[in-house]
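Got chain A sorted already, so can you dock chain B onto it with the hints?
Number of protein chains: 2
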Amino acid sequence: MLPDDVQVVSVDDHVIEHARVWLDRLPARDADAAPRVVEGEGGRQMWKYEDRLLPTIGLNAVAGKDPRDFGVEPVRFDEMLPGCYDPVARVKDMDVDGVHAQMCFPSFPGFAGSTFLAAQDRALAGACVRAWNDFILDEWCAAAPGRFIPMVILPFWDVDASVAEIQRVAAKGAKAISFTESPHGIGLPSYHSGHWDPMLAAAQDAELPLCLHFGSGGVPAFAPDAPFAVAIALFATNAQFATVDLLLSPVFHAFPRLRVALSEGGIGWMPYVLERIDYVWERHRWYTGINTEVRPSDLFAGHIFGCFIEDAAGLALRDLIGVRSIMFESDYPHSDSNFPASREKLAGALASVPDDDARRIAEDNARELFRFFRTP
Amino acid sequence: MLPDDVQVVSVDDHVIEHARVWLDRLPARDADAAPRVVEGEGGRQMWKYEDRLLPTIGLNAVAGKDPRDFGVEPVRFDEMLPGCYDPVARVKDMDVDGVHAQMCFPSFPGFAGSTFLAAQDRALAGACVRAWNDFILDEWCAAAPGRFIPMVILPFWDVDASVAEIQRVAAKGAKAISFTESPHGIGLPSYHSGHWDPMLAAAQDAELPLCLHFGSGGVPAFAPDAPFAVAIALFATNAQFATVDLLLSPVFHAFPRLRVALSEGGIGWMPYVLERIDYVWERHRWYTGINTEVRPSDLFAGHIFGCFIEDAAGLALRDLIGVRSIMFESDYPHSDSNFPASREKLAGALASVPDDDARRIAEDNARELFRFFRTP
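Sequences listed follow chains A and B, in order. My numbering numbers the first residue of the first sequence as 114 and each following residue consecutively. My numbering numbers the first residue of the second sequence as 114 and each following residue consecutively.
No lab work stands behind these hints, which were simulated from the structure alone. Any given hint could turn out to be false.
Since copy identity is lost for identical chains, a pair holds within one copy or between any two.
When the alpha-carbon atoms are kept at most 25 Å apart in a straight line, the in silico DMTMM-like pairs for lysine to aspartate or glutamate are as follows [unchecked claim]:
(1) K178 <-> E406
(2) K458 <-> D432
(3) K458 <-> D470
(4) K458 <-> D468
(5) K161 <-> E192
(6) K178 <-> D199
(7) K458 <-> E388
(8) K178 <-> E388
Only chain A is shown next, with the shape it has when bound in the complex (with noise of 0.2 Å):
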């Protein structure tokens, strides 16, 4: 079971930026194309960016809500707990929830910074990207020191510009980046493409592990008609994804010591998969152009971590993933959130599970991956 002096750290949850966040810190002459709040129709607020109105999504800011008033229309802030884009509430209602750390992914930029690649401007989107860098360093985290693993963003259409960020912000105490799950699905190089290695080595050298949430390489292709639940409960094919595409890649052979966390996206479907492309590798390596030598499964430990919420499959084969591989992840102020009884499920979900592994899970795997370690 879980016990009591674990200090639980999650590894996906939710920044919604306040109105000023790109104001504050760009210049004066950005103030008309830099991302800002505008007053919209029927009293919703919209964030305005060059010319493009982008409406913020209501189910990004449920937390607290019941789920018979959950819906996709947009949110004003007076709507929204202040936990949503206040850091000091957010860590009073991590103490509500049980949570003693958050990883916080970009809202409005997001998940992996893809609303600045296209952008018109890509000066500016890139003076926004370390923006947001800044804010979530010098003003997020900084508000509470110990409590929010720092994740930045990159500014990834342009390789060596990402490098050159990677070293800025690991100077500044960044601990994790923000990358998509799929670059090809979002127009860009693939992971086999060789494209970005100088932004992988970056990373590997600054020991800041790739974080890749589900959703920020694409929505799951579901019918135009169908439900939007359809998506939402397949977005985890998108981390499955990007497992067998990074397992079947150079990019481990070639980084060794680079680190993936999937973020969001449940743990369960990992024994399945992790047996499957093992049973694809014996077959079919030797006229497919990939590795010949090391088995998938062995290439995911220590190379891909994963995150549940909730996950009684994952939990009870927790051994065919792999102890060390499996993180917990709150998601505030997100629709999947067990807020305000986060601990308390999870302790549930832990209650058969031995002490060590308990926590390894809650604590131990995300502080040593992100090296985010206890202060004395």
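Relative to the frame of chain A, chain B by itself:
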């Protein structure tokens, strides 16, 4: 363990059509447009249909080969085991393999007949579908009664014609229909559209389960420069799509006696997907227009069936899937097959499974689903 008296029934195998399947059955006037085998470059044999040249894929006829000799290049009939295209030779191979009965999917037509969907002459395409069905019923299955579960394809670009074909083949002894796992994935109306209702009603009335072979709704969207092994390892994500798509559609509410078999794709992902879809249903059923009364995992039981070749994860968690939902496949003569050791490998996989469960999985579930009972 697997009792000696169990007759292993496989629910996913493949016939390689011999060169005269269509020429033998279509009027002579269609001989220049109907599917026929032509000699290609380098001694290869190809199918020609209308003006299209369609290569056979070597991987589809590798039974008996060493994986070091696998490849995607076309093969000649005289390079295959005769069991690929000759039902008498097939039964001999099944006897060696320890498999009492098989259900054989089409090869040239595509798993669900989509080669004919792309035809210029729809009247000829309809005749080609009926000819394949007559071939499989009157020639292939008739060559060895009790050894093949008769499965047919439909002219599914035309719902009324599909209804008529279901009624025609049901009267001739068909026991299953091969349909696409993702109609919208191949450019047709989705399972949510109502478009298929007359066909689904006819299948339900005729007690013919729909068999959705992985790949029948498209190939996983791997990067163009990724090895094909990535797609091979990911095909089960198609089966996950079909499961979620169907369970969150009106299909089983409208047709409660309709049953669906997922053909190839394993079972180890099912515990995760069922847990996930229930989780999503609990939180998102109120605003997404899905059924709010029936838990998706309850709808799964008795409506959706899976099969496996080797699947330690799925067998370990078989009680989370439901033992009555699990069947075996031998996948002869494709690259996943364990021929000539299918029964031996299956017995090994079931070694720690109680006899009653092993019997259900290896024989009884398939016999009951397809109403393919032992002959006295």
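These are the hints, each one checked on the structure:
In the homo-oligomer, the alpha carbons of K178 and E406 lie at most 25 Å apart only across protomers (21 Å), although the nearest pairing inside one protomer, at 51 Å, exceeds that limit. In this assembly of identical chains, the alpha carbons of K458 and D432 lie at most 25 Å apart whether taken from the same copy (21 Å) or from different copies (23 Å). In this assembly of identical chains, K458 and D470 lie within 25 Å of each other by CA distance solely inside one copy; the values are 16 Å within and 33 Å between copies. When the C-alpha separation of K458 and D468 is checked against a cutoff of 25 Å, the pair qualifies only within one copy, where the shortest distance is 16 Å, while the shortest distance between copies is 37 Å.
Proximity of K161 and E192 under a CA criterion of 25 Å is satisfied intra-copy only: 19 Å inside one chain copy versus 63 Å between copies. Taking CA atoms no more than 25 Å apart as the test, K178 paired with D199 passes inside one copy only; the shortest distance there is 18 Å, against 63 Å between copies. In the homo-oligomer, the alpha carbons of K458 and E388 lie at most 25 Å apart only across protomers (15 Å), although the nearest pairing inside one protomer, at 29 Å, exceeds that limit. Proximity of K178 and E388 under a CA criterion of 25 Å is satisfied inter-copy only: 22 Å between copies versus 39 Å inside one chain copy.
Every hint from the earlier list agrees with this structure, and none is contradicted.
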